[in-house]
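All chains, full assembly: derive it from the sequences and hints.
Heads up: the protein sequence lines correspond to chains A and B, in order. Residues are numbered in this note's numbering as their position in the first sequence, beginning at 1, plus a constant of 25. Residues are numbered in this note's numbering as their position in the second sequence, beginning at 1, plus a constant of 4.
Everything labelled a hint here was simulated from the structure, so no lab data went into it. Check the hints yourself; a few may be wrong.
Derived pair list, reagent style PhoX-like, types lysine-lysine, alpha-carbon separation capped at 20 Å [claimed, not checked]:
no.	chain 1	residue 1	chain 2	residue 2
1	B	Lys-6	A	Lys-210
2	B	Lys-6	B	Lys-51
3	B	Lys-6	B	Lys-54
4	B	Lys-41	A	Lys-210
5	B	Lys-41	A	Lys-204
Per the computed footprint, the stretches of chain A lying under chain B, defined by three or more beta-carbons under 8 Å from a beta-carbon of chain B, are [stated by the list, open to error]:
no.	region
6	150 to 159
7	199 to 212
Virtual Cβ for every residue (Gly too), placed ideally from N, Cα, C.
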Amino acid sequence: MKKTTVQDPAATRRRRVALGAGLGLVVGGGIDLILGDSGWGLVIGILCGALLGYFVRFPLPLMEYPPYIMRRIILSAIFFLVTLFASQWLLDQELEKSYQVLVAIAPSIPGALLVFSIGSAIAQLDELQRRIQLEGIGIAFGASVIIFLSYALLVEVGIPQVNWMFVPLLMVLLWGIGKLWTMWKYR
Amino acid sequence: MKNTLRVLRAERNWSQAALAQEAGVSRQTINAIETGKYDPSLPLAFKLAKIFNRSIEEIFESDALV
Chain A
26 MKKTTVQDPA ATRRRRVALG AGLGLVVGGG IDLILGDSGW GLVIGILCGA LLGYFVRFPL
86 PLMEYPPYIM RRIILSAIFF LVTLFASQWL LDQELEKSYQ VLVAIAPSIP GALLVFSIGS
146 AIAQLDELQR RIQLEGIGIA FGASVIIFLS YALLVEVGIP QVNWMFVPLL MVLLWGIGKL
206 WTMWKYR
Chain B
5 MKNTLRVLRA ERNWSQAALA QEAGVSRQTI NAIETGKYDP SLPLAFKLAK IFNRSIEEIF
65 ESDALV
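Take a look at the structure:
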């Protein structure tokens, strides 16, 4: 048995960049919706997140995924974003109504592929890490129910309706927060 | 559940990372087991017992029986 295992600094940095870009994607998506769905919020969010991950050595305990799984997630995320941008661009081109439905729903397919990639990544983790993910998802689900129930009640008294795209973004953000809290608990 | 994993590991001068690699889990999992924050599954407990060439009872002890 080896007495020590030296962690590869380049691999750690790559994981930080991927995590930063992922966080940037979620936050940038929210900013993009507020700014009027131009797409720049996403681009700026991903770039800022990736740069933050590259330069800032934040002491977060990162989960290690096999490289082929990471590649699958990154490719699925890129495919999803490209389809999303293409769909938004095509919808601005005054298509026929029947095409509009198909184009509008098209990003759901790469979106499902991205969710499947993340699911298969979780399946590769060890038992404690799977438990951390499960608890994180549980926290996100509970918090989402409370937030959206409160919001639905407030809509009844006239507060403005928000874009539905905020729902998955907020759920992903809450999952990240729940996961970090659970990781801290088992640190 | 209490365990003697840290002692057994120290006796062999192994790092947490090395034991984690041998057991096929993350270093975080070994650390959580050693600090008593996480109780391993039965398959993992068997694997750890085999690595140290001990029985499960020699490594893990239930708090309820103390």
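Kindly indicate which numbered hints from before are broken by the structure, ordering the numbers from low to high.
Structure breaks no hint.
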